[in-house]
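Order-wise, the sequence lines are chains F, W and V. According to this note's numbering, the stretch in the first sequence is residues 1 to 263, in order. According to this note's numbering, the stretch in the second sequence is residues 264 to 452, in order. According to this note's numbering, the stretch in the third sequence is residues 453 to 1246, in order.
FYI, nobody ran anything at the bench for these hints, they're computed from the structure. The C-beta atom is built at its ideal place from N, Cα and C for all residues, glycine as well. One or more hints might be untrue.
Here chain W is said to cover these stretches of chain V; the calculated rule only asks that three of the stretch's residues, wherever they fall, bring their Cβ under 8 Å from a Cβ of chain W [as the list claims (entries may be wrong)]:
| hint | stretch |
| --- | --- |
| 1 | 860 to 866 |
| 2 | 1121 to 1131 |
Calculated cross-link-like contacts (lysine to aspartate or glutamate; reagent style EDC-like; alpha-carbon spacing at most 16 Å) [stated by the list, open to error]:
| hint | chain 1 | residue 1 | chain 2 | residue 2 |
| --- | --- | --- | --- | --- |
| 3 | V | Lys1033 | V | Asp1049 |
| 4 | V | Lys916 | W | Asp396 |
| 5 | V | Lys838 | W | Asp396 |
| 6 | W | Lys367 | V | Glu827 |
| 7 | W | Lys367 | V | Glu897 |
| 8 | F | Lys55 | F | Asp45 |
| 9 | F | Lys178 | V | Asp510 |
| 10 | F | Lys61 | V | Glu897 |
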Amino acid sequence: MTTVAKLIDTTLCIGCKACEVACQEWNEQEFTLGVFANTYQTLPDLAPNFWNLIKFNEEYKDGAQAWLMAKYQCMHCAEPGCLKACPSPGAIVQLPNGIVDFHQDNCIGCGYCITGCPFDVPRLSPTTKKVYKCSLCSDRVGAGLTPACIRTCPTNCLTFGARADLVQIANQRAVELKADGHKDAGVYDGPGVGGTNVIYVLKHASTPESYGLPKDPTIPWTVALWKGPLKWVANAAFIGTAVGAMLHYLKFGPKEVHGDKAD
Amino acid sequence: MQNLNRRQFLAASAATAFGFSLKAATSTARGLKIARTNQVHSVCPYCAVGCGVVIHTSGENVRNVRPYVVHIEGDADSPINRGTLCSKGISLKEFVVNDRRLTKPLYRAAGASEWTEISWEDAIAKAARKIKDTRDKGFVEKDAQGRIVNRLDTLGMIGGCTDTNEINYLLGKFRFGLGILPYENQARL
Amino acid sequence: MTNGWCDIANTDVVLVMGGNPAENHPVGFRFVMEAKRKRKAKLICVDPRFNRTAAVSDSYVPLRAGTDIAFLGGLIHYTLENNLHHEDYVKAHTNAAFLLRDDYGFEAGHFTGWNGEKKLYDKTSWQYDLDGSGFAKVDETLQNPRSVFQAMKRHYARYTPEKVAEICGCTSEEFTGAAKVICSTGRAGKVGTILYALGWTHHSHSVQLIHTAAMLQLLLGNIGLPGGGVNAQRGHANIQGSTDMGAWNMLPGYLRLPRANHQSLEEYLKATTPKPLRPNSMNYWGNTPKFATSLLKAYYGPEAKKENGFGFHNLPKLGESENQSWGFFFDRMHRKEMQGFISFGMNPVANGPNTEKMLEALAQLEWLVVVENFETETASFWNAKKLGDKFYPKFVDAAAIKTEVLLLPAACFAEKDGAFVNSSRWLQWKKAAVPPPGLAKTDNEIIGRLFTAVRALYEKEGGKGAETLKAMQWNYAKPEAPALDEVAREVNGRDHTTNEQLAGFAALKDDGTTSCGNWIYSGSWTQAGNQMARRGQEDPTGLGLYPNYAWSWPANRRILYNRAAADSDGKPWSASHATIKWDGARWTGDTPDYKGDAKPDQYGAFIMLPEGVAKFFTADLAEGPFPEHYEPAESPVANALHPSVSFNPVAPVMHSSADTLGDAAKFPYVAITYRLTEHFHFWTKHVASGTQLQSNFFIELPAALAREKGIKGGDNVRVTSARGSVEGPALVTERMRPLKVSGKTVYHVGIPIHWGYIGRVRGPLVNNLTPSVFDPNSGTPEYKGFLVNVEKMA
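Please put together the full structure from these sequences, using the hints given.
Given below as structure tokens:
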């Protein structure tokens, strides 16, 4: 099975927020009101109903005014910290194509996934007591459609495809940008989590934090431990609540290790 | 209504890098909400880029159901937007299906502080009466120099930029039939 | 647009000025990004704010609102001074060689012919020097000091980079840095485009501003070429179509509304049909009699006959110098000179300048009919005192307002058929998808029912002008709800001898045998059916013209003036930018803006103009034959070129009791208004998604000004003009740089539009602040570059 991915070429992002709305619209998440915070950014952070945020950052770069905009959402890590941390079978799954999906039916609202995420993405809803995040529109992808955010992106900032292809495109784009005089251009590909299925092209690659991306994302050691030697202890604690969920787990499986190349 | 072949629609929508086929990607248990919709070609009513949109509807030919909008997204066949839309266009459903939409004619009497409901029949009759009375009073057949002018400048009319050519043409005929001179649209602003 | 959205991908240099397409036309902007990515095109953004477009530009230059003519005049000067113009193009396709009369001149801010008493120009000295046959004399060498070329050179000699910097507030280095890139396209094989929007039209000198842009593009040989042109992005789905169908002084298809001195069709046609000014001018507007007669046939049907001037007498006539455009008739309404008003999907309380004046004007009406999707500020203007909070101190309570109001619920775009015309001039047919909600009706039914009801009253009671009203044809299958495809066929036109749909406007006749509701749309619904609904994906030229997708006016031509993309022999200036070319027998490529089989040297390239060539110099506009920099009505400085004639001498300024202008002593800051990408105009305040993305009204302030005033981001501030005020939190940003103008520091204050006193979210209406000052040619208000004061609120 081919691993799919999303490429975000931030040099082409105009901050139009179509991806933010496309995500909410497709996934039928409620629109809410924002609070004024001296910025063009919609909300200060991701929310249970808001899985896709463009971060706006004004700063001086290379002696000129810059206004950096970058989309922020689940990175669909190759080694997902959320999945490692999750005690409820079937609540967090990694599909054979690499998509990390949350199934709220099986979520017990413990919030461990939030701790486990090196990118601070999952959000717990105080009303439903479930955790939510980007599913990479697994329903659309399953039907042969591109994810809603990518489908709507007007400037080709977002591309969907096989991860291997996108890595190649991203590297090529970085080379182009360097040739155009952007010496610091480069690719951000989830260092520290075995790569991510969301890949960024950045004009200022040495300072990903200018785009709101962690410079050095890692899964907390507590989580690594949790699903390491202490795994069975933890699972025992949740066994009662996990029976129904286990059926789902068995059906979909937590993760397919082998990656058969299709097409 | 024009139905896109579903297979064509899916194929047209699946623009990906290197022509990679999405058939390779696996499905999940989640259902696709636009799997069995009717699809109608339309054009976004906001700015003048003129993006093609596909309106997915449901409920046609179902007894006791008024057809409704399920989803709206960009038309992949439009050379302008190729399936993409901005934040306003991609949420057009929120514009169409909106509890703030006006659904009944309303009337506000002189000095009133509230709207009252009025039937279409009464609303049209009232408006027609007003138009005629104003025109009877203000229509000028000949100016001070005795020249034929057939004009009316005590009744003004604006609009059209958000509506189709055909409506604009009808508004023009309405205008010139009555002889209205103060006639404007958003293009001035 | 002379060109189109897809065409932007063909360009090498994009100048965005007076617009912010990344913000307001994000999907159209994809072609800018494509040109950048695939062609390494350079994007130059010139704007008072470092905005979303600036964020992805290769170069950003700030300028003070209202000084664009100075900047563009500087580019003309830079081009000529450095010999960067496309000389062969200029010689072949413009009026550069035409000779001017020897009494033409310009001095201290006025062109010759100024009448200070009447505040008008006598344009006699702006005409060409004509020979005995009425043709303009020319000097092909361009050396004659009386040639347009030399006069232009002299006129813009004053617009040096230093002068531009002094007026606009950028540095002269920033200006020349941008000029170098923008003016690099004056050679074959390189082409540049200009994208603009309301940042250019919202001035008291807007038409001249766009004239300046056209002049620059002509000098650089960029008109008619793929990737070139002067491209208005336009702000509403069918603002182009509604313009094409005619507003205040226009009939459909840009035919002029008759004036009272046109008492017969002959008199009208004589006055409005131009004569050629050069022997080789095709002068296509010479066909005006065919267009006008066919329109009259569409309007007045079988009763329109040669003997009765095809019903011409029925059309209303304007007074010789009368102006009934927006600013003027709202002024009349404010004086209680109007009794009734119908608003079809417009919201003048929100859109018009000086909101309180709009409210006061509507309150003078006896009745108002509003047709809308949502309740608007206009429909509920009578409740503004209550809903509008403290912003309308002089406005009265609802009880004191006698205006009767009908608010009629209308279908939205998804609930009706019909064609929208986008900025590219593409007519795109859309189909109704669902029925309107509740009792809401389609607009065609609302108009149809109103029209037939009024007519029935006249039939019953008689009345003034009953014959004129009866004369207008309304013979639709369902008169109370005309079907839009039926209307679209009428607009396209018919040949009444064969009873067939016309193939295009070339078939129009002036003898009454053809009818056509809008000649420029002829060809949109032919015998072959609805051309506007076509979905063909072919792109034979590879230039993104898509000739079989939708239908483009005129004649399905995708790039206007495309004859100019080739030289006098019909050879494209460059193979990479070949819009059309002459193959020895006919023109191939795009639909030629020329006669299809006419030899390259038979006519001038600009077939619509009496000159046959494009115009640097023109007597068509009110304030001068060349564009000149004038300050806005309210300006922080005097005009650095001619302080005694600071403001456009012919721009209309209203003087009602609600209209006042402020000065820099009381109102020291320059205000601009604009849309945000998250919103559409004043509509999306009813839509949950739009209101989420930018929920709150705010006021954008330069960080330096905020520091001066002790204002922090989020602090509430009050912005006041001589007309009114708005209040809201400050968005403090470094993206709005203080500018040095004539030695003085000038700050901008940015105020986004969207909010009002009705909606899912509420906030002040920006036009509380704006003045009733207008462009003399277009009648567009000056929303950019008026003066305000800013205070921190307690």
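For each hint, the structure was consulted:
1. 860 to 866: holds (count 6)
2. 1121 to 1131: Since 3 is at least three, the answer is holds.
3. V:Lys1033 to V:Asp1049: holds (11 Å)
4. V:Lys916 to W:Asp396: Distance ~10 Å between Lys916 of chain V and Asp396 of chain W Cα, so the pair holds.
5. V:Lys838 to W:Asp396: violated (31 Å)
6. W:Lys367 to V:Glu827: Distance ~11 Å between Lys367 of chain W and Glu827 of chain V Cα, so the pair holds.
7. W:Lys367 to V:Glu897: Since the Cα atoms of Lys367 of chain W and Glu897 of chain V sit roughly 15 Å apart, the hinted pair holds (cutoff 16 Å).
8. F:Lys55 to F:Asp45: holds (8 Å)
9. F:Lys178 to V:Asp510: holds (14 Å)
10. F:Lys61 to V:Glu897: violated (57 Å)
Checked against the numbered hints given earlier, the structure breaks hints 5 and 10 and satisfies all the rest.
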